[in-house]
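J.: Residues in the sequence shown are numbered from 93 upward in steps of one, following my numbering.
Treat the hints as calculated values from the structure; they're not laboratory data.
Among the hints, a few may not be true.
Unchecked claim - Here are the computed lysine to aspartate or glutamate pairs in the DMTMM-like style, where the Cα-Cα straight-line distance is at most 20 Å:
1) 1058 with 1048
2) 197 with 241
3) 121 with 136
4) 220 with 115
5) 1058 with 1004
6) 331 with 254
7) 413 with 782
8) 309 with 115
9) 915 with 736
10) 821 with 798
11) 982 with 798
12) 932 with 806
13) 982 with 1048
14) 184 with 115
15) 932 with 690
Note that this is a predicted model, so its numbers are computed, not measured.
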Amino acid sequence: MIKTEKILHLKSSRGRKVRVVREHYLREKVPCYSALCQADCDNDGKVLPADLTHYVVPDVGVVVDYLEILEFRELQGIVFTQTACQAVQHNKGRRQYNRVRNLLKDPRHDCVLFANEFQEYSYCEREKGESQERWQTRCVYSAAVWYHDHLAGMMDVLMITEDQDAIARYSSLHSGVYVISVQDFLQNFWPDLQAAHDLYGSISQALQEKESESSQKEFSEHLPAEVLEAGIKSGRYIKGTLNVSKHRAQNEASIMTEGLSDKNKDLSWGVFIFGVKHRNRAVHGDSVVVELLPKSEWRGRVTALSEGQGEERSGEEDESKPMPTGRVVGILQRNWRDYVVTFPPRDGTQSQSRNSQRILVVPWDHRVPKIRISTQQADTLQDHRVVVRIDSWESTSLYPNGHSVRVLGRAGELETEIQTILIENCIHVPPFSDAQLREMPVNSPEKPWVMDPVQVAQRRDLRETHLVFSIDPRGCEDVDDTLSVRSIAGGKRLELGVHIADVTHFVSEGSLTDLEARTRATTYYLADRRYDMLPAILSADLCSLLGGVDRYAMSVLWELDAESLAVTKVWYGRTVIRSSYQLYYELAQALLNGEPAEVPELEKLKSEEKDAKLAELTQALEMLTHVARHLRAQRDRGGALELEGVEVRAQLDDEKNITALVPRQPLEVHETVAECMIYANHWVARKIQETFPHQALLRCHPQPREEFFSQLVESASAGGFTIDTRTNKALADSLDLAVDPQDPLVNRLLRMMATTAMSEALYFSTGLLSQDQFYHYGLALDRYTHFTSPIRRYADIVVHRLLTAAIAMDTEADPAKSLLGHKELDETAQHINSKNRAAKRAQKLSTELFQCLFFKERDPQTDPHCVADAVIYAIRDNGLLVFVPEYGVKAPVYLKNREGQVVSAGEDGGCEWQSGTVRRSSDHISTTSVSGTSTFRLFDHITVRISVRSTNFHSDTLNLEIISNKPHSSPAPEEPRPQGRSQLVQEVVRLAEEASQQERVKEARRPKLSKEEREYQQSKTPNLYSLLEEVRELALMDLEMPKRGCATTA
């Protein structure tokens, strides 16, 4: 080891230049990470393959400016130098540096890091008077030469650079080491990788034309990082994440101030940022530092509805109470991502040069400013959606500069819009690679998959002892979970079983499939398709607990007291199961209701055997429902909430054309299955947290902030109800009481408002939170996790591994692998949380897309589908927010237009636009015109006409217009949810456990129904039908014939 010195020129906190001398140690042995190494380097981790024609060493400029090209998985044998990585950290910031680190850690990318500045023979001291750029280029070239020599000339090395001087200086210095440009590299070695060529051209143009529009500053300069840090510590500045308003993106933005609301009540709603100038080049999602303005300059949010999403109104609208208002003085972390933009029609005002044109493109997301890019294809790409990336935003420019990445397609086409939704939510789901698929087991007609006898011997075999079945949506392929329930110990106890697909048996930790599953973190469900987290051979076949086939499972079995249903014993472990029935929700509910239903698995059986098995299945379903009701009642006593979401399904034909929008119909069996899954998740959370107190992955749901309930409380008060939000128990009880007997939709709307007010449930590592923060507010459980869906959630895979390790600890065996530390586990949790948010947003946007497609081809003036009943759930200054239950749509309805006209209702309820005024109160809004006054109250039913507002730049939106202040059709009371939670809970709580036990015993003794009894819903004789038949026969008899007595007795 050789000691030397490294001289750094840094800036002090006051901006002075400081010369720092640090000790620097050089070593002869530094890992090369090549499979060709003959020097016994300590090459742990990724190793570059030996079967390549060359290795590639990019210089600093290439790594800094062209990293996107190096991220192509097709490029192999890339050696990132320590010099280049440090330059990225200093020049591009932490976010870009983390991209390089993730690239190096990802085994799917064939690249390694070489610590050239610690290698004795590749290290270069900076010469006196030598520029930093020239020294960095020399260091990278020296590293390339060292690689060639270290590998004894067995591998050619290419150094790629955009520095023409470096190419001229080094290209012929050393045999076997070639120095070429990026363009030559792509043309000579990757001529068919067109995406890389296009990206290179786009980035090069952006770099060549990176110039300020003028010397005049449009924005103030950002303060230095050290000044920002000191200001945050002193309390002068406030940091947070910028959130731009979707509806008033031009003027309104805010930052949420975590942790400051307790110190300063003024900041409980965050800090308001008004106008683009005060936003100071920050983009939605950036981590920013804000300085508060004087109170005299504080503003309030506009409380009127905006005319069209993203369109701005002049400043005469009413504003809410002034709130703390500030301006951005610095940016801690850019959150730039890929943006989908649309090229506008040419209007002759765009600047252009001989070789390229500088175009202002319009982002799909209203919250993102226009982006200036350079391109030679502006005419060709008009009305197309294109992916772009932002490169910079100088203080002298009104708009950020960027470059195009790839073209998605023409705006408005379904595939283009679906890809737009995915990219806007940072969802990247390429086809599974050949390397990943090679890890998968084979299951084909020629080579069917069979269980490993060794595995079967190590597991508990439930195939012959337990009636196992699944209940899922119709057509479900990825069956994660199955259930079982049976009476044991002579009827004194029940055994409840939840059996989950054993995904971790097939997906080894650290494998390519595991890394891809972690990257995706979840299966993405869109309105017309899904993108699986795991390859189909697992998700739809070998892991899926399909009916009639043997499968590996992870099981939790509880022994419950038959009377009190208290847990007497719980068992966790790996099992072998065979699901007897693959039921769908409607079929299971029909069996529970005693309705005629055909179970596919029983169709080919003889009548007697079929009846016996159907009775066995029905009894198991009834027993399961009884247990689930008890479990729900337990949680309700603790304060569990029944929340309401807007769930609507797009019904598609064979050609994927939308034929209907179908709201989800709640069934009791939905809650039965959900209760069993919640129970399993809770018990597994207890198990892994008790075994690994500091490194378990749990899921918490923090208590919402009181101010978020304001709309719920005000709306309920207008309807004559009182909502208590102090605790989850108080909230649940008051929601149960807020029922309008004349309109069941009122309670549903209040529950939807409560859902909107909820904070987000999050995964976390137990090592980073205190135990009182583990609580799940919505479910009223002290510990909770996700265990029951490992096919579609990566969090469940992590939990399965923790549970397996916990079971191994019980048997005094060490876990097979070391577990993740709590910091690494927390990184995983944060990643999964982020991807879950993206999945929810994408699902919501795809549903909205198909809602628009449903109405787009219909004439709103003549098509009856375009007229619907709507319920008012909120009042605004110039209109209403309504809910259309038929289609699951929530949208604004305007009562005042841009021309100042207001909606006036006639005697028959018909509405028309007239000159007039609007007056708003807390629970109603009135319009006054020459025709009189019309009043619209909260929870009133009105009739609306639905149409589609289209734009080339953004997504289509639904436009609702009021056509009558009366209901579209008398809102027939919704079918009382026979399986509704409130009724079930009241029933269970009211009945004593003793009565419940008697009822179950009675059910068990009930004789089995014959085929005729099940089919015709007819009780056994004597019954009314048989008595009437005898009367009819007697009436037809000859009076002379001897009278026949009734065959029945009273």
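J.: If a hint holds in the structure, say so; if it does not, say that too.
T.: Evaluation of the provided hints:
1. 1058 with 1048: 28 Å, violated
2. 197 with 241: Answer violated: residue 197 to residue 241 is near 26 Å, above 20 Å.
3. 121 with 136: 14 Å, holds
4. 220 with 115: Roughly 19 Å between the alpha carbons, so the hint for residue 220 and residue 115 holds.
5. 1058 with 1004: 14 Å, holds
6. 331 with 254: 38 Å, violated
7. 413 with 782: 49 Å, violated
8. 309 with 115: It is violated: about 42 Å lies between the C-alpha atoms, which goes past 20 Å.
9. 915 with 736: Given pair residue 915, residue 736 is violated - Cα atoms ~35 Å apart, limit 20 Å.
10. 821 with 798: Given pair residue 821, residue 798 holds - Cα atoms ~15 Å apart, limit 20 Å.
11. 982 with 798: At roughly 24 Å apart (the allowed maximum being 20 Å), residue 798 and residue 982 break the hint.
12. 932 with 806: Roughly 28 Å between the alpha carbons, so the hint for residue 932 and residue 806 is violated.
13. 982 with 1048: Judged against 20 Å, a Cα distance of about 15 Å means the pair holds.
14. 184 with 115: 26 Å, violated
15. 932 with 690: 35 Å, violated
The structure fails to meet hints 1, 2, 6, 7, 8, 9, 11, 12, 14, 15 from the earlier list, while all remaining hints are met.
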